[in-house]
Each structure stands twice: as structure tokens, then as C-alpha cells.
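Please model the complete structure; the sequences and the hints are all you need to start from.
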Amino acid sequence: MAIKLYQLETVSCPSCIVKIEKMLSKTAGVHSSEVLFNSSRVRVSFDDNEISSEAIKSSIVKLGYKVLGEK
Amino acid sequence: MLLKKLTQSQRMAAAGMLVTASLILNKTVGYEWITIVVMMASTLVAGVPIMLNAAKALKYRIVGIDALVTIAVIGAWFIGEYWEAAAVTFLFMFGNYLESKTIEKTRSSIQALLALAPDTARVRREGGETIISPKEVQIGEEVIVKPGEKICVDGTIMDGSAYINQSAITGESIPVNKGLNDTVFSGTMIESGYLIVRADKVGEDTTFARILQMVEEAQDNKAKTQKFLEKFARYYTPFIIIMAVVIYMITQDIVMALTLLVIACPGALVISAPVSIVAGIGNGAKRGVLFKGGEMMEKLYAVKAVAFDKTGTLTMGKPAVTRIITYGIPEKELLKLAAIGEAYSEHPLARAIVDQATKNFGTIKEVPADVEIIAGQGISFTYEGQQFFIGNRKLFAAYGLQSDKYEYDLAAEEEQGQTAVMIGNTKGVLGIISIADQIREDAEEVIHDLKSMGIQKVVMLTGDNTRAAKAISDQLRLDEYYGELLPQNKVQVLEQLQAKYGVVAMVGDGVNDAPALASADLGIAMGGTGSDVAIETGDVVLMSGQLSKLAYAVALSRTTVRNMKQNIYFALLVAALLLIGVLVKKVNLSFGMFLHELSVLLVIVNAIRLLGYGKRRRTGKSIEFTNVGREVQ
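Keeping their order, the protein sequence lines are chains A and B.
FYI, the working numbering numbers position 57 of the first sequence as 57, with every residue one higher than the one before it.
FYI, the working numbering numbers position 175 of the second sequence as 175, with every residue one higher than the one before it.
Since the hints were derived computationally from the structure, they do not count as laboratory data.
Built from N, CA and C at the ideal position, the CB exists for glycine as well.
Careful, some of the hints might be misleading.
Claimed, not checked - What follows is a list of derived Cβ distance ranges for each label pair:
#, chain 1, residue 1, chain 2, residue 2, range
1, A, Glu-9, B, Arg-210, 23 to 29 Å
2, A, Lys-26, B, Ile-34, 42 to 48 Å
3, A, Glu-54, B, Val-29, 52 to 58 Å
4, B, Ile-74, A, Glu-54, 51 to 57 Å
5, B, Pro-147, A, Arg-43, 39 to 45 Å
6, A, Leu-68, B, Leu-6, 20 to 26 Å
Said to hold, decoys possible - In silico EDC-like links for lysine to aspartate or glutamate, alpha-carbon gap of 20 Å or less:
#, chain 1, residue 1, chain 2, residue 2
7, A, Lys-71, B, Asp-521
8, A, Lys-66, B, Glu-104
9, A, Lys-4, B, Glu-480
10, B, Lys-224, A, Glu-34
11, A, Lys-4, B, Glu-104
12, B, Lys-227, A, Glu-21
13, A, Lys-66, A, Glu-9
14, A, Lys-71, B, Glu-216
15, A, Lys-71, A, Glu-34
16, A, Lys-71, B, Glu-217
17, B, Lys-227, A, Glu-34
18, B, Lys-451, B, Glu-480
19, B, Lys-105, A, Glu-21
20, B, Lys-101, A, Glu-54
21, A, Lys-26, B, Glu-230
22, B, Lys-56, A, Glu-54
23, B, Lys-451, B, Asp-521
24, A, Lys-71, B, Asp-205
25, A, Lys-71, B, Glu-480
26, B, Lys-427, B, Asp-409
27, A, Lys-22, B, Glu-230
28, B, Lys-292, B, Glu-415
Dropping the structure here:
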């Protein structure tokens, strides 16, 4: 189990929240995710045996959101 | 492909011009092929990014608002509504652009605070000065800070003195003067002067770094209402989509079905709570009130009773001289005499006397002789050849001195929660000095403000004796007081209050009342620079250690929650009206999109109003947010 925070570019559209959370909920290995709207970050809790942080990052990017950093 | 490469603003300008051109053509040439071509061009310019986003989401089998708008646009083309398609795409793009610009504003207070983090450090290394990142400073290293620069560590002043603006930590911008051995904090700025500071805490461990982290987390700590709204929105969209399909199948009314798709995402509702919360928390953070989340805002809004800890919260936690009674000698002389004798005592009461004398006459240079400290009683000393005594009844009795005839005055002082000390010579008592923990200057006003704001009960909980508790309670006009409480008793009293009044807040300094702070519905901790415990334990932290900020916090929570409620009701109303409007055919595609985007913008603009709250002074004396009380230590 790992929990990571991904910093996105400013998130301002209400529907982005739903989109990102839905996408992650369908991703294998991800337990839960939450878009932190005001700080424009995504908190993802996932099984690091099943999915890598890099893979999560790239699926967020593929959905159309730049990832500026992670911690 | 050219359409993909435009920047956002170029794209918007292009789409804007095309939409305008198509309107003009429609008026002049009429609804001819050229008009339709321009409308289609406009739709493509504005619509391509929307379609691309829709496609990206569809890969994950997610139907987002982009997909719904895309379907609506294609549908509109299909039935020959070229103008509707152009208007919908343009409004969607323009609306989103304005939303992103305005929503940044709601977050600006917090962003500004985060930007205050120091980014360079000037340290002494190998005899010279090196500029490095604050993260690289080692504990124990000496940091040099010049005027206009930020201190980048929590540390102790080794050399120099300066006027320091501590607003980053306390919200108070009046500079304080600090010198040798004083403690300074990361994030604060030197206005004038020059300091060499020894680093005691660096990087993430500094008070400022921890405040920043708390604020950053706080803005997304959701209010209960917000969680509910998110659930609602999650069901609303599929419900409307199904409704659109059903209506199309029954009535074959394609326009109505497409319009329903456009209004299926309740954007205003989703952001109604977070924009208010982030603006409210940002406002508080700027003024030295740290809310740890939206939920804390809601709780403070609902508070019915407030319980205060006594020592360190309602009082300064520092004894001071409150009254001098003399028998035949001038007050000044008595105080000076007492200070001369007490100068070498470490007792807190002695400190209070010496401090008071120093304040009145400057440093006392006279030196006593034959000082004898009698534990639990007081001291005796000789000054200018005469023997004097300072102490309690036991001391005077031990020397066979008459103190009975002053008993009335002694008892009267003690009745008021004071500690009375007698000063005398071999002939008898010369006077009495009363010492007590001082009530904070702003305590009475805050209690008055809380009551006038409709808080039903304001009480005090203290471990101190009942007599002292009563004296302070009377003076501050508290509703109730509970004395001689052990920490676990405080928790019991809070439970009783909760049962009786509902939501109860506990205000304390976080040092010895952590269990009470934790067991109240809402723990409000008095900060004051450097009190890390308070920052950790409180749900709400008054960072400057000023009690008066409590009234501001309550007022801010009410304004913020009201603002949030306005947003929610407005968003619900708009969603309902849009739905009805579409069903009775009063709202078509472009008008539906227009109302949708407008409602989102209005919700944001309403939240932005919160940023300015507190700038204007409220009428009368009710709340004024100036520098009251002690200087921050």
C-alpha cells in the first residue's frame, strides 16, 4: 500500500474532479483516489505491487492533465 | 493540424470573431450557405479541444461533460441547428476560461501565504557568506539576515537587533523589536536592523513550514455539506442522461433530448461549497486564524456554548502587581522597598514585584544586606541599617509582629482571588501588595462579543481554586465557572455542556488542556508564535495568541457558511429551473449552456466576496481587530 499526491496544473472545472476520480477508480491496483480541488492535487492510495506510481501518473496525463510533481 | 495548435486565448479570439461574423452575416446576408459555413468553422475552432477531451475520457469509458457537449453539437448539426452548435461550443469554452481565471482568485489568499516561504538562506561557512537553499541549512549554523530579507530558520539571535514583521505567522503586521537571545521564526521579515541567528529548527520542522502544511491540507478538508453535494452530483448526471434518452424515445423530440445533455452536469453545485471554503479559510489564514478545514468552519458556525480555560487563555499566565495598600508611607516608597528586597528572589511573586518597580522607576540599583529567605513564608533583609520583612501571615507571626489589624484588608484582597503579600519592619506592617495572574485586556470584550453574537453559554474551566475562579468569573461576567478541576473533570463538564446546549467549543492554550480540546466538538487553541502544541491540537488556531481573534473567527465562520449556503441554494435553484425550462421548452441548447456557465461564474464571484471580509470595521465597538493585549512573545 502506498499513498501519493500528484500536483496538477490549476484544476478549475467541476467536471475534471469527477473524470479523474472515475478514471482512477477503474484502474487496477488503485484503492481510492480523491481530487483535492482547491490545491489542484490528486491523492491516490494504491497497491504498489500491482501498479507503479509512474503508471498512475501516465494515465492522469493521458486523460489530459499535466502532472507537475509528486510526493 | 492547425486547429490543434492554437493557444487558448488565440482560439478564443478566433472563435469569438467567427461567432460574431456569423451573427452579422445572418442579419445582412441572411441564413445562406456562407453564414452556415462560418457557423460551422466557429464550432470547429471552439469544439475541437472539447471533442479531443471527450475522446480521451471515452478511452477510459467515462462520459464527461465534454462528451455530452460533443454529442449535443453533432446532434445539432444533424438536425441543421448550426447556430446552436456554434453558440454552445463558444459559450462552453468562454465559460470555462472565465471560471479558471476567477477561481484562481478564490485561492489567492492561500497562494499568497504559501508564496511567503523563504527561498534563500545566507549562512556563514568557512569564514565567508554563502547563499544556499533554506533546506540545506544545518542545525546550529549561523544565518545572516539583512533588512528586507526573510528569516529562513527558527532560531536564536546571537548578534544584532531588528524590527521584525511577524505577520506571516501571527497575521499581525506591526513590527516587533528583537535582540540578543530572543527567538525568531522562519517566514518573518526584518524591516530594519541586522541579525545573526543560530538555527534551532530548519526546513519542514519550522513553525512556519508546519503552518503552511496545515493550511494546504485545510483547504481540501471537506465540509459535511460538500460530501453530500458530491454524492448528489454523482447521481444527478446519469439520471438526466437516462431522462434524455427516454424523452427522445417517447416524444422523438431531439432538441429537448440534446438540451438535457448540455445541462446534465451541475457544475455550480459541485464547486459551490469548495470555493466558499477556500476563500473563507484563506481570509482567516491571512488574519491569523487557522481553520483546519471546511468541517471546522461548519462546526464553529453551529457553536452554542464556549468553554474557556483560565490560566494562559483568559489570563496571561503571568502574575503581576494589581494593587498596593499602604499604612503611613507613600505607595512608591513601599514598592521600591519591596523590590529592593525581592531582587534576589526567584519566586514568581517576587518577579512580579520587581517587574512592576522596574516599570515605574527603571532598574533598581540599591542592594539589600543580610538577605534571608524563609521557605514558605517570605524573606527578611536589611536596607540602610533597618530590618524589613516581606511575606505572608506565617512570617509576621514568626517574628512576633502584629498583623491581625490588617487582616480585614488581607481577606478582602484574597476574596478577589489575589495573593496578598505584606511588607513590614520591626515595628509593624507598612503595606500590602496584591499580586494576581492578570486577565487579558481583550478577554472581557471577547466574552461580551460572543454573547452578543448569540452564544448561549460562556463558561470557564480551571484547575485553580474556586475563589480565584469566582473572582475572574465575576469580573468577566461569565455565565458559569468550574474550579478545582482535574483534566478528566474538564472532559466531564464538557460532556454535560454538550448534552445541554449542543455544539460546544473549548478554548485553551493546548499545554495542559489537550484532552479537553480534543473532547470538545471544536478545540480552539491559542497560538502565539512558537507554541507548536497549540498548532497541532486545535481544530482552529488563533495564531497571534490574541483572544480578540476568537470573535473574528466566529464571525468569519458564520459569513463563510452563509456564503456557502447561498451558493448551494442558488445552484440547486438553477438546476431545477433549467430542468423545468427545458421540459416546458423555454430553454434551448445555447440558452441552456449560457445559464449553466453563468451560474458557475456567479457562484465563484459570490465566494470571492469572502476575501474582502473583515477589511471594513463593523459598526460600533463590537469587533475591532487591532493590536490588543500583550506583545507577542
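Taking the hints in turn, this is what the structure says about them:
One distance hint, 23 to 29 Å for the beta-carbon pair Glu-9 (chain A) and Arg-210 (chain B), holds here, with the actual separation near 27 Å. For Lys-26 (chain A) and Ile-34 (chain B), the hinted distance range of 42 to 48 Å is satisfied, since their beta carbons lie about 46 Å from each other. Taking 52 to 58 Å as the suggested C-beta distance range, the pair Glu-54 (chain A) and Val-29 (chain B) conforms, at roughly 56 Å. Restraint check, Ile-74 (chain B) to Glu-54 (chain A): a C-beta distance of roughly 36 Å breaks the suggested window 51 to 57 Å.
The hinted window of 39 to 45 Å between Pro-147 (chain B) and Arg-43 (chain A) holds, with their beta carbons roughly 41 Å apart. The hinted range of 20 to 26 Å is satisfied by Leu-68 (chain A) and Leu-6 (chain B), whose Cβ atoms lie roughly 23 Å apart. For a cut-off of 20 Å, the pair hint linking Lys-71 (chain A) to Asp-521 (chain B) is broken: about 32 Å separates their Cα positions. In summary, the hint linking Lys-66 (chain A) to Glu-104 (chain B) is supported, as the alpha carbons are separated by about 17 Å, within the 20 Å threshold.
Using a Cα cut-off of 20 Å, the hinted pair Lys-4 (chain A) and Glu-480 (chain B) is violated, with the two alpha carbons roughly 48 Å apart. At most 20 Å may separate the alpha-carbon atoms for a hinted pair to count; Lys-224 (chain B) and Glu-34 (chain A) meet this at roughly 15 Å. Between Lys-4 (chain A) and Glu-104 (chain B), the direct Cα distance comes to roughly 24 Å. Violation of the 20 Å bound is thereby established for this hinted pair. The suggested pairing of Lys-227 (chain B) with Glu-21 (chain A) holds, with an alpha-carbon distance near 14 Å, which does not exceed 20 Å.
As the CA atoms of Lys-66 (chain A) and Glu-9 (chain A) are separated by approximately 6 Å, the hinted pair is consistent with the 20 Å bound. Taking the CA atoms of Lys-71 (chain A) and Glu-216 (chain B), the gap is about 14 Å. The hint holds against a cut of 20 Å. For a cut-off of 20 Å, the pair hint linking Lys-71 (chain A) to Glu-34 (chain A) stands: about 15 Å separates their Cα positions. Distance check on the hinted pair: Lys-71 (chain A) and Glu-217 (chain B) sit about 14 Å apart at the alpha-carbon level, within 20 Å; holds.
With a C-alpha separation of about 12 Å, the suggested pair Lys-227 (chain B) and Glu-34 (chain A) falls inside the 20 Å cut-off, and the hint holds. Distance hint between Lys-451 (chain B) and Glu-480 (chain B) is fulfilled; the C-alpha atoms sit about 13 Å from each other, no more than 20 Å. The straight-line distance between the Cα atoms of Lys-105 (chain B) and Glu-21 (chain A) is roughly 25 Å, outside the 20 Å bound, and the hint therefore fails. For the suggested pair Lys-101 (chain B) and Glu-54 (chain A), the alpha carbons sit about 30 Å apart, so the restraint of at most 20 Å is broken.
Proposed proximity of Lys-26 (chain A) and Glu-230 (chain B) is supported: the alpha carbons are some 18 Å apart, at most 20 Å. Restraint check for Lys-56 (chain B) and Glu-54 (chain A): the C-alpha separation of about 19 Å stays at or below 20 Å, so the hint holds. Between the alpha carbons of Lys-451 (chain B) and Asp-521 (chain B) the distance comes to roughly 19 Å, so the proposed pair stays at or under 20 Å and holds. At most 20 Å may separate the alpha-carbon atoms for a hinted pair to count; Lys-71 (chain A) and Asp-205 (chain B) meet this at roughly 17 Å.
The hinted pair formed by Lys-71 (chain A) and Glu-480 (chain B) fails the criterion: a straight-line CA distance of about 49 Å is larger than 20 Å. Using a Cα cut-off of 20 Å, the hinted pair Lys-427 (chain B) and Asp-409 (chain B) holds, with the two alpha carbons roughly 19 Å apart. Restraint check: the Cα-Cα separation between Lys-22 (chain A) and Glu-230 (chain B) comes to about 13 Å, which is no more than 20 Å; the hinted pair holds. Using a Cα cut-off of 20 Å, the hinted pair Lys-292 (chain B) and Glu-415 (chain B) is violated, with the two alpha carbons roughly 41 Å apart.
Going through the hint list in order, the structure does not satisfy hints 4, 7, 9, 11, 19, 20, 25, 28.
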